Amino acid sequence: GAVVSQHPSWVICKSGTSVKIECRSLDFQATTMFWYRQFPKQSLMLMATSNEGSKATYEQGVEKDKFLINHASLTLSTLTVTSAHPEDSSFYICSARRHGKETQYFGPGTRLLVL
Amino acid sequence: GENVEQHPSTLSVQEGDSAVIKCTYSDSASNYFPWYKQELGKRPQLIIDIRSNVGEKKDQRIAVTLNKTAKHFSLHITETQPEDSAVYFCARGLGYSTLTFGKGTMLLVSP
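Those protein sequences? They're chains Z and C, same order as listed. Quick note on numbering: the working numbering labels position 92 of the first sequence as 92, and the sequence is numbered without any gaps. Quick note on numbering: the working numbering labels position 35 of the second sequence as 35, and the sequence is numbered without any gaps.
I should point out that these hints are in silico values taken from the structure, not numbers from a laboratory. Quantities reported herein were computed from a predicted structural model and do not represent experimental measurements. Any given hint could turn out to be false.
Listed below are the simulated EDC-like cross-link pairs for lysine to aspartate or glutamate, each with C-alpha atoms no more than 20 Å apart in a straight line [claimed, not checked]:
#1 K22/C to D59/C
#2 K41/Z to E83/C
#3 K41/Z to E79/C
#4 K41/Z to D84/C
#5 K68/C to E102/Z
#6 K41/Z to D88/Z
#7 K58/C to E102/Z
#8 K41/Z to E5/C
#9 K103/C to E59/Z
#10 K57/C to E102/Z
#11 K42/C to E22/Z
#12 K101/Z to D49/C
#13 K20/Z to E63/Z
With the rest of the complex left out, here is chain Z (with noise of 0.2 Å):
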């Protein structure tokens, strides 16, 4: 199988506070994983690469001070959204691949509201 899962699965926060996003690949190793943004019935917008043991690449306009990404190992990766302002709300979803392969897989995502 192939399958990836994040936490939390919806998260309400205050304005000025900072969010922390789990994905995990939970039956194989995941070398590169991927972060998206969904707005309601639109498209998926990449806004990062995230390669295990390395620095993520951005998507330009996105902003890396604010969308924090780590993947200290072969099977999570973490988004954080510091400082989240209301225009943050947002579905976040990853998804994961594995080394060799094109194929990816998307983890159930995150809903976030910024109060």
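Use these hints to put chain C onto chain Z, whose structure you have.
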């Protein structure tokens, strides 16, 4: 840069009919084309993918065709069922690069 156009944005069919969703891409070097199904509030799930060395791939009621010359690929769903109702996303990739997704097609299958 890479661009993926997906049509139609919405598609309504009667149960049992066929559904076809088309995507075009701009980067002729693209060699990997997956299709994902996303039900409301859930994760995108890979339903079929094709690589550029083949022109067609089929898995039961689902098939994908690829025309490299015209730079387009299509998803075909036959004998549609209400549970096929979802948003479908096409994507393209090159090797182990990132995927570029289409904007999605909302498929509604009416009983």
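Evaluation of the provided hints:
1. For the suggested pair K22/C and D59/C, the alpha carbons sit about 18 Å apart, so the restraint of at most 20 Å is met.
2. Taking the CA atoms of K41/Z and E83/C, the gap is about 19 Å. The hint holds against a cut of 20 Å.
3. Annotation: proposed proximity of K41/Z to E79/C is violated, straight-line Cα distance about 26 Å (limit 20 Å).
4. Simply put, K41/Z and D84/C have alpha-carbon atoms about 17 Å apart, close enough for the 20 Å limit, and the pair holds.
5. The suggested pairing of K68/C with E102/Z holds, with an alpha-carbon distance near 19 Å, which does not exceed 20 Å.
6. At roughly 17 Å between alpha-carbon atoms, K41/Z and D88/Z fall within 20 Å of each other, so this suggested pair holds.
7. For the hint linking K58/C to E102/Z, the alpha-carbon distance of about 19 Å falls within 20 Å, and the restraint holds.
8. Restraint check: the Cα-Cα separation between K41/Z and E5/C comes to about 16 Å, which is no more than 20 Å; the hinted pair holds.
9. This hinted pair checks out: K103/C and E59/Z have alpha carbons roughly 18 Å apart, not beyond 20 Å.
10. Pair hint K57/C plus E102/Z holds up; C-alpha atoms about 17 Å apart against a cutoff of 20 Å.
11. A distance of roughly 17 Å separates the Cα atoms of K42/C and E22/Z; the hinted pair therefore holds under the 20 Å criterion.
12. Taken as a hint, the K101/Z and D49/C pair is honoured in the structure, with Cα atoms around 12 Å apart against an allowance of 20 Å.
13. Straight-line distance between C-alpha atoms of K20/Z and E63/Z comes to about 16 Å, which keeps the hinted pair within the 20 Å bound.
Checked against the numbered hints given earlier, this structure breaks only hint 3.
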